[in-house]
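S.K.: All chains, please: the whole structure from these sequences, using the hints.
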Amino acid sequence: MPPNLGGPLRRNLSRLAVDGTVFYCPSCATWRRTLSTTRPITRRDAPSSPSLSVCRRPASRLATSSAINASKNVPPQYKELYDALDEVREAAAEQVNLSRLQLAQRGLETETPVIRIAVLGLNDAVATRKLVRLLLADPLKPREEWEDFLESHEADTSRGLLIRYGEESETLPNDLVPTIAVPSRILQKGNIEILVSSLGASAEPTGVVTADTFLVPTVTIQTSHSGRHNYVRYPVHRSLLCGRGVDGFFAYSRLISRSVLGKEEDSVHAAVDLSVKDKTRTGKFSFVNIDQAEKALDMFRESVQNATEYERGWNASGVQPLVDWLALTQMSEKLDPSLRTLLESLLDAAAEGVRAKEAARNRRQELETIPDEVRDDLDRSVSIWAERAHTELRDALGEGFASKRWRGLSWWKLFWRVDDVGMITTDILDKKYLFQAEKEVIWTGGKLQQAGLLEEPHGDLEDLPLETVSQDSETGEPAVAEEGQDLVPIPEKATTPPWPTIITTSRTQLLDTTVPSLQALAQRLVLFSVSTTTMTSALSGLIYVSTATTSLYEACTVAAVGLIYSLRRQQTKWETARHFWEEEVREEGRTALKETEQLLRTLVREGGKRVAEADEGDISVQQAKATIERARKALEDVK
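Position 280 (the sequence shown) corresponds to 280 in UniProt numbering; numbering is contiguous.
Since the hints were derived computationally from the structure, they do not count as laboratory data.
No false leads were mixed into what you were given.
Label-pair ranges, simulated between beta-carbon atoms:
no. : residue 1 : residue 2 : range
1   : Pro371    : Ile442    : 21 to 27 Å
2   : Pro371    : Leu599    : 19 to 25 Å
3   : Arg355    : Tyr231    : 29 to 35 Å
4   : Glu151    : Pro75     : 37 to 43 Å
5   : Thr534    : Gln509    : 33 to 39 Å
On a predicted model such as this, the values are computed, not experimentally measured, just so you know.
Where is the CB? At the ideal position from N, CA and C, for every residue including glycine.
M.R.: The following block contains the structure:
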């Protein structure tokens, strides 16, 4: 009868998945628990069935990353290589995967580095856990409780499960990911720890898949009660992909067909649980039969007399080659081959990134070196554009100001058309104010950009070296941050167009300032005329009623004076305002054309000349190259 799984191992890891008192602190990369979860275990916590002991980390081990880094003791034979990698991080931070570089440096901090291997499920988490159990199980021992837990573990696979060596089975809840200790000879002999997670191959990735997809898997960490979580990248030295059935085989095929692994080909292996007659196995792929391997293991554990059947079934299952691959090591070398492969891959990637940066800089320099013939041709294009634009300004505005709608805004028509002033003036500015010239300046700006006289848009966010991607489950707003640092919101992309926008700005300024002013003036004039005429008419009536000697003709004289004064004032001010607005629009158009022409000619003469920036780029590229070569030399010296 299998042991009770309600013991401390299962209960502690389940608490990690749901307990709100456990949270991840991004600033120190450690798990912390409140006092309510650090109480000692009593007999009420342990059922009568066998259970695993729980290992509590003392508070002294919950140190920040800065305190840990301050006490590093690098072996003398690795000191030069370690310092060279620090220089590579400083000189080529954008060209190297920082999380994998940190993993490599941690491996150099001891003579017996921990080799981290990821077992990533493609389409079936159950098959992945079963395969891990077969790889670590000792046939000479009876079935252990960690095996039962591993097969029954139903926590979120995206959170991952870290398996380390321990003298006895226990859970280590204060790690970055849920962790258990397993007394496995393979883990002990190779100083190996295994990360069990999922790859998410069903997402149908597009484009090229790099080695980081397999060697830098992501795990999910919940950080607070609000539902916010981080996707932390967990770098490993090697990866074993595990699929099940035909679906798993096709999932692996889709991934590997678009993969570019380079020197990391030997670091990625795949196993598919599929029963086939011919157990095909290559350096990167093999078929296994998990059910057959489990049956053989159970038979041997039942009785040693079944050794022959065990050997036959175990070898036929195809699991043993995976065990050999897992425990691959060369004790004759000072540096573990997995760590050496990781370092070589990092330096190759950094060198490739520096070469790409240098090639891009050289291309920019070539584009910046514009021949005089091209500049002269562009200067003539600017002259032609300016001539056409001035002609359009004269003709189009003349046509707009002579239109029936604009002439319909006579002073005496304001009484019933005062509300049309804003609409008509806006329509004139939108359709008659350098409409074609604005389109042609975009075309001219495109020719300047094609010739390399305009600055190229800045790089996209995909080019940034992001190590951690965070997402708020409530708002869905993405953020990026390094592991152990605060989250930094992703900045919005620039929206400024690359062509001159002076014409657009001047039109917007006219619409925002002059049109409302003209509309307000028309309303004030109409209001003044109506109010003045009304008051003088009332005064005339009052005089006629109150004075018996005043005739009707004499009384109406006062009203006539008020009417004539208000209408004359309205006529004078409105016609003056209309004429002033027409001249202001023409002058603003001429000013916008003049400034645009000056800007275009300045770009033609001075555009593409950035010699100082190119010199700084030369220095940074040469420094990065020299740093990478020093690191290669230091790696070669470590035999």
